[in-house]
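S.K.: If you want the building blocks of each chain, they are given just below.
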Amino acid sequence: MFLEIASLSKAYQGRTVLHRVSFAVAEGELVSIIGPSGSGKTTLLKLIAGLEAPDEGRIDCRADLRQDPAILVFQDYVLFPTMTVFDNVAFGLRARRMARQDVAERVMAMLTYFGLAELARRLPAQLSSGQQQRVALARAMVVGPAVLLLDEPFANLDRNLKGATAEFIRSFQQEYRITTLCVTHDLQEAMMMSDRIGVLLDGSLRRYDRPAAVYRHPGSVAVASFLGEVAVVPRRLFTVLGIAGEAAGVAEAVGVRAEDVDVRRDPEGAAVVEELLFAGPFSLCRMAIDGLRLCAYSEDEMLRRGDRVRVTIRSFIGVEGER
Amino acid sequence: MRWALLLLALATFFALPLALLLVNALSSSWAFPDLLPAAWDGRALRFLWRHGDDIARALLSSTLYSLAAVLLTLLMTILPAKLFARHDFSGKRLLEGLLLLPALLPPMVFALGAHVVFLRLGLADTAPGVVLILAVVSYPYMLRALTAGYQAYGENFAQCAINLGASPLRVLLTVELPLLLPSLVAGGTIVFLVAFSDYFLVFLIGGGSVPAYSGYIFPLLNSSDRSVASLLTLVFLVVPLVFFVVIDRGLARYKLVGRAEG
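First to last, the protein sequences are chains L and H.
Under our numbering, think of the first position of the first sequence as 1, with each following residue one higher.
Under our numbering, think of the first position of the second sequence as 1001, with each following residue one higher.
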């Protein structure tokens, strides 16, 4: 593997931020580590970037990180506010004492690639958030890093820009074949653009695999809950909800996602609609069934609060005894 | 109405004293209870013209040692300011308090002790000695301003620059100092004014061999020649005013930068 993170731990003033995190990234891969705020994601990037030292563990890279470093693109982009776009992008090259002509050529080539050539003389404060992000990416890419580290690349973007940005990151990442590690709490975008994703919860990497595999087999309720709303259905309700099969055979409980729940109005149904929240293409339907609260997406516009409904489960998640 | 009151207050506190100086400078006698001077004359102006070289020399000397004091306080305080802004350690509050002492204690307390040391070190009666003593009494203003400056933006700028391959010196010169410039101007302005208007320390440590405008003007202020003293006081104001205008123009760019995130 190109980049190997082995048993990485870090604590601040006695508070563990990362606990024995291990994973590997192949050359040219884009990996996203997802997790809620405060789960240790940014610390992980700072350790890999060499900005902080781990308490334990190793970071091995097939490239020499002192020669071709891992460059971090910060969440707020951290463009130097007193420098123009050109000077920001040139910063890393000038720090390497590259000849003025070479700096100009490489910077302009990078600015042109990122569609920023026209903005070269502007100050960061004169740019939109999306433009600032591209300047930060150009500034990182121009020094030819071994690994590109992206800290919450979607955090400062409007909802409708996030998808396009994910596609843009994926396209330039593939074009440059740059090994990229991104940390984010935007699940959809991470899944769209990544070769693999890892779920970091409370400083521990709980799951690491292809996006589809992580989503379909989260392995624990904690991971599944982070990926979407999940109800833990106890064994006593398996028959009522039609949960059967080998996986459910010995399980004490299974996890059920809202999109895997079918709801039909039925006066004889076992569940009662408690709440309906209109969410555009569907309504979020919260139901109670024998003491359990279950969530479903329904397109039935006739559904009302207090209706009795029949609930069937299309698929469920094995929770490995964890609650 | 509020604007009118504000204008009145500004006029009372700023314009009126200047107007009084100007009237004093252009009159030969202005005694109570006259509303205006009994006689006008240009004697003070003629004095200024006659002693122009001496005045200019004193003004230049004061400007140069005051600027040198600003530079020295910057060098003295830049690293402590970063330390105070970025790190927490036991005894930090106490240390911060102790470092403010020179601004709180009367300069004489410092100067008398320092004078003996400066004599031994050969710094007495020298320009470097004057710069050093002025820096020692005025660095707390710079320290406070720079600490606030460092606190105003996060550590990320320096970390980002280091990650991009910059040396600590390059980070300081190309990233941190430009970001600190507004704070540096704020602290530097006070240090400059303290140094520029100081009379006692410059006289004691400079021993008369370092020309000082405050030293030039002081005897005139004590004399009965209010006309010349008033005009020279107005001249005294010119240097800081010129600096303020130059700095304000220089910082115009920062009005854009000011919106940048930290």
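Derived by calculation from the structure, the hints in this document are not laboratory data.
Mixed in with the good hints there might be a few duds.
[What the hints assert, rightly or not] Keeping only pairs whose Cα atoms sit at most 25 Å apart, straight-line, the calculated SDA-like set for lysine to any residue is:
#1 Lys46/L x Leu1169/H
#2 Lys1092/H x Ala95/L
#3 Lys1082/H x Glu274/L
#4 Lys1082/H x Tyr12/L
#5 Lys1082/H x Met83/L
#6 Lys46/L x Gln1159/H
#7 Lys46/L x Val1242/H
#8 Lys46/L x Leu1079/H
#9 Lys1082/H x Ala95/L
[As the list claims (entries may be wrong)] Counterexamples of contact, computed for chain H against chain L with all Cβ distances above 10 Å:
#10 Arg1046
#11 Leu1071
#12 Leu1121
#13 Tyr1199
In this text, all values refer to a predicted model and were calculated from it rather than measured experimentally.
Here a beta-carbon is modelled for each residue, glycine too, at the ideal position from N, C-alpha and C.
S.K.: Are the hints correct? Go through all of them and say.
M.R.: Status of each hint after checking the structure:
no. : hint                 : verdict
1   : Lys46/L x Leu1169/H  : 21 Å, holds
2   : Lys1092/H x Ala95/L  : 34 Å, violated
3   : Lys1082/H x Glu274/L : 57 Å, violated
4   : Lys1082/H x Tyr12/L  : 20 Å, holds
5   : Lys1082/H x Met83/L  : 22 Å, holds
6   : Lys46/L x Gln1159/H  : 9 Å, holds
7   : Lys46/L x Val1242/H  : 46 Å, violated
8   : Lys46/L x Leu1079/H  : 24 Å, holds
9   : Lys1082/H x Ala95/L  : 22 Å, holds
10  : Arg1046              : 48 Å, holds
11  : Leu1071              : 20 Å, holds
12  : Leu1121              : 39 Å, holds
13  : Tyr1199              : 38 Å, holds
Hint check: violations occur at hints 2, 3, 7; the rest are consistent with the structure.
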